[in-house]
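Letter by letter, the chains look like this.
There are 2 protein chains.
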Amino acid sequence: MTFLRQPTRAGVRDAAAKVAAILPPTPLIVAEVHGTPVAFKAECLQPMGAFKLRGAWHRLTAIAAEDRAKGVVAFSSGNHAQGVAWAARRLGMPSVIVMPSDAPKVKRDATLAMGAELVPYDRKTESREKIAAHLAHARGAVLVPSFDDAWIIEGQGSAGVEAAKQAESIGFGAISRVVTPCGGGGLAAGLALALPDAAIVTAEPEGWDDMARSLEAGWIEPVRDDPPPTACDALQTMRVSERTFEVLARRDARGVAVSEEEVRTAQRRAAAKLRLVVEPGGAVALAALLARRVEPLPGTLVLLSGGNTDMADYAHVLADTAHASLAEAL
Amino acid sequence: MTFLRQPTRAGVRDAAAKVAAILPPTPLIVAEVHGTPVAFKAECLQPMGAFKLRGAWHRLTAIAAEDRAKGVVAFSSGNHAQGVAWAARRLGMPSVIVMPSDAPKVKRDATLAMGAELVPYDRKTESREKIAAHLAHARGAVLVPSFDDAWIIEGQGSAGVEAAKQAESIGFGAISRVVTPCGGGGLAAGLALALPDAAIVTAEPEGWDDMARSLEAGWIEPVRDDPPPTACDALQTMRVSERTFEVLARRDARGVAVSEEEVRTAQRRAAAKLRLVVEPGGAVALAALLARRVEPLPGTLVLLSGGNTDMADYAHVLADTAHASLAEAL
Chain A
0 MTFLRQPTRA
10 GVRDAAAKVA
20 AILPPTPLIV
30 AEVHGTPVAF
40 KAECLQPMGA
50 FKLRGAWHRL
60 TAIAAEDRAK
70 GVVAFSSGNH
80 AQGVAWAARR
90 LGMPSVIVMP
100 SDAPKVKRDA
110 TLAMGAELVP
120 YDRKTESREK
130 IAAHLAHARG
140 AVLVPSFDDA
150 WIIEGQGSAG
160 VEAAKQAESI
170 GFGAISRVVT
180 PCGGGGLAAG
190 LALALPDAAI
200 VTAEPEGWDD
210 MARSLEAGWI
220 EPVRDDPPPT
230 ACDALQTMRV
240 SERTFEVLAR
250 RDARGVAVSE
260 EEVRTAQRRA
270 AAKLRLVVEP
280 GGAVALAALL
290 ARRVEPLPGT
300 LVLLSGGNTD
310 MADYAHVLAD
320 TAHASLAEAL
Chain B
0 MTFLRQPTRA
10 GVRDAAAKVA
20 AILPPTPLIV
30 AEVHGTPVAF
40 KAECLQPMGA
50 FKLRGAWHRL
60 TAIAAEDRAK
70 GVVAFSSGNH
80 AQGVAWAARR
90 LGMPSVIVMP
100 SDAPKVKRDA
110 TLAMGAELVP
120 YDRKTESREK
130 IAAHLAHARG
140 AVLVPSFDDA
150 WIIEGQGSAG
160 VEAAKQAESI
170 GFGAISRVVT
180 PCGGGGLAAG
190 LALALPDAAI
200 VTAEPEGWDD
210 MARSLEAGWI
220 EPVRDDPPPT
230 ACDALQTMRV
240 SERTFEVLAR
250 RDARGVAVSE
260 EEVRTAQRRA
270 AAKLRLVVEP
280 GGAVALAALL
290 ARRVEPLPGT
300 LVLLSGGNTD
310 MADYAHVLAD
320 TAHASLAEAL
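These protein sequence lines are chains A and B, in that order.
Numbering that gives the first Met the number 0 applies: residue 0 is where the first sequence begins, and numbers increase by one.
Numbering that gives the first Met the number 0 applies: residue 0 is where the second sequence begins, and numbers increase by one.
No false leads were mixed into what you were given.
Chain A is faced by these chain B residues, among others (derived, beta-carbon under 8 Å):
#	residue
1	P26
2	R274
3	G306
4	A314
5	T320
Calculated from the structure, these hints are not laboratory results.
Even for Gly, the Cβ is constructed at its ideal location relative to N, Cα and C.
Chain A with its partners taken away, still in its complex shape:
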């Protein structure tokens, strides 16, 4: 049930106005990386801990009043689920989330706490797409994809509109480059539309860098079989979509991959220097800069896209300073 509307810059501006009406901007924090001032967009400080409520809000508010009582359905391992549940609760709509039974408990609990109904599925034997489509059909509810959707892309792009305004107002100046975590590419594509004069760099975990390889190849390359384990649960997308890929390819975006160790170092530096709790998938763009997989340049915007992480794992990451070679870079 693909909707063919393409995301537009006007749509991003509309989303930004809608988001600004209900949420204060997340902080834009300037700090030096390898000696160059860089602007960090702290989306981990959103009420549900990630940027995902932007797209969800833009999408759900576009549902006609008479259809709202039937609710929405989404499938997601975490942050998208929370974003949809958050927006649905705010609009007084029911929400159903199809979530893998092995999703991090912190994300499951948080989604339940936001009043969503959870439908668990087995990652190995069941298709979440089919379960979600069936549920949506049975209830007459709207299926809300996590990235392959014009509204979702536009909504995520509102972070770029917000950041550009903040960068001007605090004297950081124009944003000439964006480095952003990338799963399915919804946030990256939205930022590309929001910031037409900026170079776009996507960051992904090694082995999950299908957007990087796709942009390099000029067509969509899925994640290869048997990808390595990664702590970046929010970025485990097997294939980007035509919609997100096209937006990025048209803009000559490029992608970089970071190692698990680089992600962990980035989480530690974000805690020590920015005083922010950032989840693994939310830290990949910072990791790319710290590891110089992207050179820090003036005018760079870095997305810290989420902060929902298991505290036991997080404590373990902070305690491990054995490989702190990038420690002084931020």
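We have chain A already, so just place chain B on it with the hints.
Chain B alone, transformed into the frame defined by chain A:
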């Protein structure tokens, strides 16, 4: 060398304007504590990780142009030092910091990184007041106290002016009560001046709750001999000052004490739910609410005053979930 000027509300407003000219407001984050929405002022997100640059900026900018080259001297175990060093560097002034030789390395390094000259002293055998006064006299530099000073109090109060504006603009409404960490009382007194209609509650670690006991007694009671060890290094002040005490006593402020365990729980909840790294001393006000030593009421502002903490200690705190009894309160 006591300066007799008393802090005023007009001075706080002046400080707020001066701070607003150089720093974006720190976020005001609304989250529920025991089911009641409370506004958190995230001063841990200041560039040097604590509110202290507010007072330092207000004080240093009041130094006459012809005296600035002689610099400033401060004694502090950490955050005040960094605040003074930050403001001095920004104004192109030299700064000397008298710091205990056993101060946390993270604070020592950060102060050095801001271009300050460090003069270590032995907490047990030397008087930091004497060393600092001697240095200031010898250099013709201005001694910048950490709390017993009208400018410092007014400067710290700028956080309250900022928070009140933000609370109105995001629909939180008027601030009717403030719960704040308290060492020497500079921040608490400043907030009292900034928010004349709010009830003021100070929070201190158990055994270091001299402000609470002083407010109860009606005169200044110092910390008793042999106070217990505390993780709250930023709040280890042996005696509050007449200036801070009087402001608070006149406002019928009251104080509460929190246990070390309550502080640690608050640090963990701030990480998990607010995605903020808060140091022990910065978490005491949140701890007081979580432990219901102060009942959460609508209109409550909670200061998260700093986030400069040793990462190894912090990792240890986050890993310890054995006593997570307050876990669901925030």
